[in-house]
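Visitor: Residue-level listing of the chains:
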Amino acid sequence: MRGRSAIWRPLADQYGLLALVLLVSISVANAISPGILSLTNFSAMTTFGVEIGLLAFGETVIILGGGGGIDLSVGSMFAVSQVVVAVLVQQGADIWLGIAAGIASGVIMGSINGWLVTRVRIPAIITTLATMYAYSGTALLLTNGIDISNFPAAFNVFGQGMVLGLPFQFVAVYVPVAIILWFVLTKTLYGYRLYLTGTNQTAAILSGIDIHRVRMGAYVLTGLLCSLAGIIDASRLATARPDAGLSANLEAITIAVLGGTSIFGGRGTIGGTIMATLVITLLGYSFSLANINSVIETGTVGLILIAVVLGQHFVRRWTAAVSPRRS
Amino acid sequence: MALLELRGIHKSFGGIQALRDVSVTIELGRVHAIVGENGAGKSTLIKLMMGVLTPDAGEIRLDGQPVVLQNPAHAKALGFAAVYQEPLIYPHLTVLENIFIARPMRKRWGGLDRNAMVERIGPIFERLDLSLDLLFKPMRELRLGYQQMVLIAQALVYDSRLILFDEPTSILSGTETDHLFEIIRYLRRAGKAVVYISHRLEELLAVADEATVLTDGRMVGHVDREGLNPDDLLTMMMGKAMREYRKAPLTVEAGHSGDRPPLLSVTGWSKPGMFEDVNFQLWPGEVLGFYGQVGAGRSEVAQSLFGYFKPDRGEATLNGKRLMPKNPAAAIRAGLGYVPEDRKLQGIFGSQSITNNMISVVLPKLVGRLARVRPLAVTEMVERYTKALNIKIGALSDTILSLSGGGQQKVVLSRWMAEDLKVLILDEPTRGIDVPTKRDLHELIRELAARGLGVIVISSDLPEVMAVSSRLIVMNRGRVVASYDAVRDSLAEDVLRAAIGLDRRQGEDVL
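First to last, the protein sequences are chains A and B. Number 45 in our numbering belongs to position 45 of the first sequence; there are no gaps in the numbering. Number 226 in our numbering belongs to position 226 of the second sequence; there are no gaps in the numbering.
Mixed in with the good hints there might be a few duds.
[To be verified] The calculated EDC-like cross-link candidates involving lysine to aspartate or glutamate, where the alpha carbons are at most 20 angstroms apart (straight line), are:
1) B:Lys365 to A:Asp210
2) B:Lys326 to A:Asp210
3) A:Lys187 to B:Glu380
4) B:Lys387 to B:Glu419
5) B:Lys310 to A:Asp210
6) A:Lys187 to B:Asp398
None of these hints come from the bench; they were simulated from the model.
Just chain A, with the same shape it has in the complex (with noise of 0.2 angstroms):
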């Protein structure tokens, strides 16, 4: 008995499930594009997964929190922030003051997301379905929905710049953020009382945990996230587009989950985020390289998904009735 829990209990966890899954995308990705394991591709890869993994992260720490937390409106956060930064440059606005206008802008929007969850007490899911088309709005009114792309040359750094051989987004934003997540969740009293909320709000609230603050830093924090990924998103296009992260703020879900975050809250790692974001990305990356429909791409991710949670929910069960019980 002992046995077979020892040989699978590793896989219980998101990192051993989905360290399965990515060694397997990385032989498909090899199969379908040969090469494609090259440091030049690494490189370019990582350029694509800073965007969709930063609103990945948002969505994680939302999750996590527990009472059905989650956030549709992060793509439309990440094109209102971008947008933002255009429209003030366009009108002669020095670069740095448009960049901190767009990050104020997506604090306020995740501000905006979580006074309507946490104090007003509408569903996350229906606010922020709801936000999710305001923000879009928003984003095309300040554009007449057009594209802006004269930004001065300073700005292509964030999304252009490389440093040590890698993105500049990837090694100044991408990897100090997921260090600090990683702090802020698993050391400091935030972290702790996200995860205790996540898992039994009654329980936190009896422990003196005001649950509503807890969760309302969650939105906060997504929209910061949403707004540093827009930047460099338009950074590195040269282009804002109103329309921009139409697909993300499902996408950003789909990498949380896969993850192995719980949807229910309380359980879920920067880490399986981090993971999953590179499955996502890895796929992405070489299905485009070997000009394969992007629709068997889509739904490959769903059969993955599928195939991870399912995974997951088994491999707990079944180790978790051969652990033993003490009194």
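Knowing the structure of chain A, use the given hints to seat chain B on it.
Guide: For chain B alone, kept in the frame of chain A given last:
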């Protein structure tokens, strides 16, 4: 004629023996009452009869033949129906749909035959004194009393032979109760077998033909109509109380003396529908017991003092300062602690580690630079309290679900050990916990009081409150009905009497 016989039934959950060697015979045309305190095993017995649970040992016979009740649907098909305390209904469907939900009558082509259903239910509704207009109202618009009637009508439509009532009057008004009793008498005349479960003795006397008394999962007596009198039933229910009480020495001295001011003082604390005009005082160093049946309003009083919700009226002071916390966080800052009644739903963080479960309250005090929770402080704290509370664990990183109920309860309690507490409220601290751990917890409660805390123990377990409290308050239907300044074993019967609502006389030492 015997319809249903249970013989030598045993049932246990984990290490807890819920029923041992219980034998009951249910006869057609009679009302059989099952009496006992909370936790005596009444609900377990119903669940066995309704096929929700299966016995570990023993035999169930129906019409003289052995039968295994596989699930509730099976029990229903055999003609058993249950009317629970809170009616199980589909609130958005109409009364008619609720009645026929399991076995709708159909037209030849498969559509619902509403007319046939109305025709079928008509005489039954007339018999139950219910208007046919009700049939097309959504169930949620009916008062609870009427919802119960609908369930009884359903039992009659399905030609049930055994109808089980589980504390049916706890949600009913006086006239509704009288109406219900008339119906029960009608059911008896109609030759049905009725099982009636309640802890309100005066009601049993009004309807029962015989009664079986359970205490602590054992059958302690069976009396026929002639033997049904409150004093004998009380004596039987007391059996265990007295036995266990004598075993546990009273180590807490009465905590208050005339000249010291109280630690916590509560006056006129009211929230209509939950509790009315609750007054009490708590002195440092004492254990104040809150005894009463489930639903008497004890937990609600505790939770409102702890800031989980607000009372409508009332004043409370803690050490002379006004206490009206806007949330539990504020209550904790003021020096209150609360261990909730429902360990699984309100106490533990299921998928989290034992460590995280222990530090949930004390977290802010363990924070160092960069808002970081100091790992050394965590380890030190957790090690100290696992040792102090004698919690047997494998690894601190195991989830709390790896512990037994008793272990989990100790972890929940340990949250409050490192706090600067003035008052600790424990709500049903030993429910569903094995005897040795129970003893540990009682010891711990006394220790906490000896340290100068004011401790409130809410419990439906009479021997427990009698053994652990230095003073005692009894609640019934949201009101304090008796209070005792000293706890002596001769009071046990009085206490039980007050809690059951048999009479409302005050204890001899009125606060």
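Visitor: Can you confirm whether the C-alpha distance between Lys387 of chain B and Glu419 of chain B stays at or below 20 angstroms?
Guide: The given pair, whose Cα atoms are some 17 angstroms apart, holds under the 20 angstroms limit.
Visitor: Holds or violated: are the alpha carbons of Lys365 of chain B and Asp210 of chain A at most 20 angstroms from each other?
Guide: At roughly 16 angstroms apart (the allowed maximum being 20 angstroms), Asp210 of chain A and Lys365 of chain B satisfy the hint.
Visitor: Check the hint pairing Lys187 of chain A with Asp398 of chain B against an upper bound of 20 angstroms on the C-alpha distance.
Guide: Judged against 20 angstroms, a Cα distance of about 18 angstroms means the pair holds.
Visitor: Has the given pair, Lys326 of chain B with Asp210 of chain A, been kept, meaning a C-alpha gap of at most 20 angstroms?
Guide: The given pair, whose Cα atoms are some 11 angstroms apart, holds under the 20 angstroms limit.
Visitor: Checking one constraint from the list: CA of Lys310 of chain B to CA of Asp210 of chain A, max 20 angstroms. Satisfied?
Guide: Holds, at roughly 17 angstroms.
Visitor: Would you mind confirming whether the straight-line C-alpha gap from Lys187 of chain A to Glu380 of chain B stays at or under 20 angstroms?
Guide: Given that 20 angstroms is the threshold and the Cα spacing comes to 16 angstroms, the pair holds.
Every hint from the earlier list agrees with this structure, and none is contradicted.
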